[in-house]
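Based on the hints, put chain H in the right spot on chain C.
So the chains spell out like this:
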Amino acid sequence: MNIVVCVKQTADTAATVTVEDGKISWGDTPLILNPWDEYAVEEALRIKEKHGGKVTALSLGPERAKEALKQALAMGCDEGILVSDPAFAGADSLVVSKIIAAAIQKIEDVDMVCFGRASVDSDTGMTGSQVGRRLGWPALNLVAEITALDLQGKSISVERMLEEGRQQVRASLPAVVSVVKEINEPRYPSFMGIRKASKAEIPIWSKDDIGLGEVPPSAVEWPQVFAPPKVETVVEMIEGDTPEQKAVKLADRLLEEKVI
Amino acid sequence: MTNKVFVYIDHFENHVAPASFEALGVARQMAETLGGGVSAVVLGQDVDDVVKQAAAYGADVVIKGDDPALKDFRGEAYANVLSPIVANAEVLLFPTSGRTRELAGLVAVDLETGVIPDVIDYEFDGASVLATRPIYAGKLLTKVVCRERRPQILTLRSRAFPGPEADSGRSAEIVEAEVDAGDVATEVIGYRESQSGVSLTDAAIIVSGGRGVSNRPSLVPPAEISDEAEQEIWRAQQGFKLVRDLAEVLGAAVGASRAAVDAKYVPYDRQVGQTGKVVSPDLYIAAGISGAIQHLAGMRTSKTIVVINKDADAPIFKLSRFGVVGDLFDVLPPLTQALKERLGK
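Heads up: the protein sequence lines correspond to chains C and H, in order.
So our numbering is basically just the index in the first sequence, starting at one, shifted up by 5.
So our numbering is basically just the index in the second sequence, starting at one, shifted up by 358.
This is chain C alone, in the form it adopts within the complex:
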């Protein structure tokens, strides 16, 4: 089983994110491996442990994104590849999907590509399905469980989390899978893993390396980033001598203010 797991480096969800001079800042908080992607890495590793094969972590980003790849390597991925080129700056999901699809084609003989359901920064949640479309492979999104994997018959069965419940789906391999948090419990990197990752050579693939030639322009641009308007709430503390008094007063206030 030749698995590629796509990861992104993002700001920590615990970080206070602000805008300074039109640029996004997360202060001194270190960047992390996108939390959703940890589940994708974990699932890829579990499949490899059961069925054999190889797990390659792939990231698109600037040089510093190597740190996210190292975290994936420390968890147990066999190889890391950084796809990076100044021409990729400002790429939207349409272009990103083209770049990643080209990189996956260069890796060759890939059976499965794993994504986290979205990145916690831009939160578009579309890259996985768009990569699948470009490769002509089925895209199984929001996967909460891989219920069967048949390498001979080249098929995969999964349960997807739709709003209304779990949809049970079977598809052919190769396939793209994006996973949700319910699928597993990601492991912590082992001491040996961290040591191995710190020494790992991570190749950088440019647009020419992946045979992309010219990078097409993005379809969308985001001319403005700003902090949400401050909500002016005046807190009304509900006072009372007993919890019962407070509860009754709160119920009355909610009805008076027509909140309910």
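I should point out that these hints are in silico values taken from the structure, not numbers from a laboratory.
It should be emphasised that the depicted structure is a prediction, and the values quoted were computed from it without experimental measurement.
Warning: the hint list may mix true and false statements.
Computed footprint of chain H on chain C; a stretch qualifies when at least three of its residues, placed anywhere within it, have a C-beta under 8 Å from a C-beta of chain H [as the list claims (entries may be wrong)]:
{"no.": "1", "stretch": "88-100"}
{"no.": "2", "stretch": "171-177"}
{"no.": "3", "stretch": "234-241"}
Residues from chain H that keep clear of chain C, each with C-beta distances beyond 12 Å, as calculated [as the list claims (entries may be wrong)]:
{"no.": "4", "residue": "404"}
{"no.": "5", "residue": "482"}
{"no.": "6", "residue": "523"}
{"no.": "7", "residue": "580"}
{"no.": "8", "residue": "602"}
For each residue, glycine too, the CB sits at the ideal point set by N, CA and C.
Chain H alone, transformed into the frame defined by chain C:
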């Protein structure tokens, strides 16, 4: 004349997601600026009822793809049918759901155009839509525009726009679409229903519990539960029962903080926050939630926030309209009772 604004009607087994109607309302507004009427697209099997609703809520033309191959949602099959239908549209609107996020992305690849997901507001910049969407789970907002390519694809966040009133007397021109779902390597086997009740993202009221639901040392678990971790879970179950009781009286969905989910008090599909669901109900009641930044990011746009917490310094009070300093175990039962009486339930 071909319409410029198209709306994809999202439904599950012919139950229309309410956000589809909100999208029709936005489409009508956009058509006033762009000209032409509104076309809705309905894909599925035996969808006549969905078609009628699309007309009642504002579509002038309903394009219907009714075929056994479309019985279950499969992104590839749906995109194969949808992409040619919308190829000449100026704007294509989707209500945001797990399905439409996927479908919008696939159609965008087919038509080499841009998608702006999770839109909460918009204005026109010339003939292009300048859309506002949250990033970093709402810690920041960004304005996004798709200037050159068409259609401009937007998915609209549920509850961000008002839903129009239905007018059952409205009629629409119905056009049968040619359905060629293509050779699709995905097959739907079946469904396993979620046990969790009202969907968080559609709910008008949400009652959420946090770590505090297990914080009642005086509750003594039955003797057969001796393991400390299991005792904690047992206490949390008692606490969450109080949360659910209140939710039931209000017809609300039950949510939870990440701390409560990580501690395995409730399943992950209840989690509100940056790594869970981002919600925006009319009323959000937080019980025993202190307000980690990642939770606040997921619920800060709620219209009215009520906080019940025994720690008067809990950061979540800063966002609240009404605050009660008290133990949820003491406050929730009389609150549920008082509301039950006042709402006549």
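- Task: Of all the hints given earlier, name the ones this structure violates by number, lowest first.
- Result: Failing hints: none at all.
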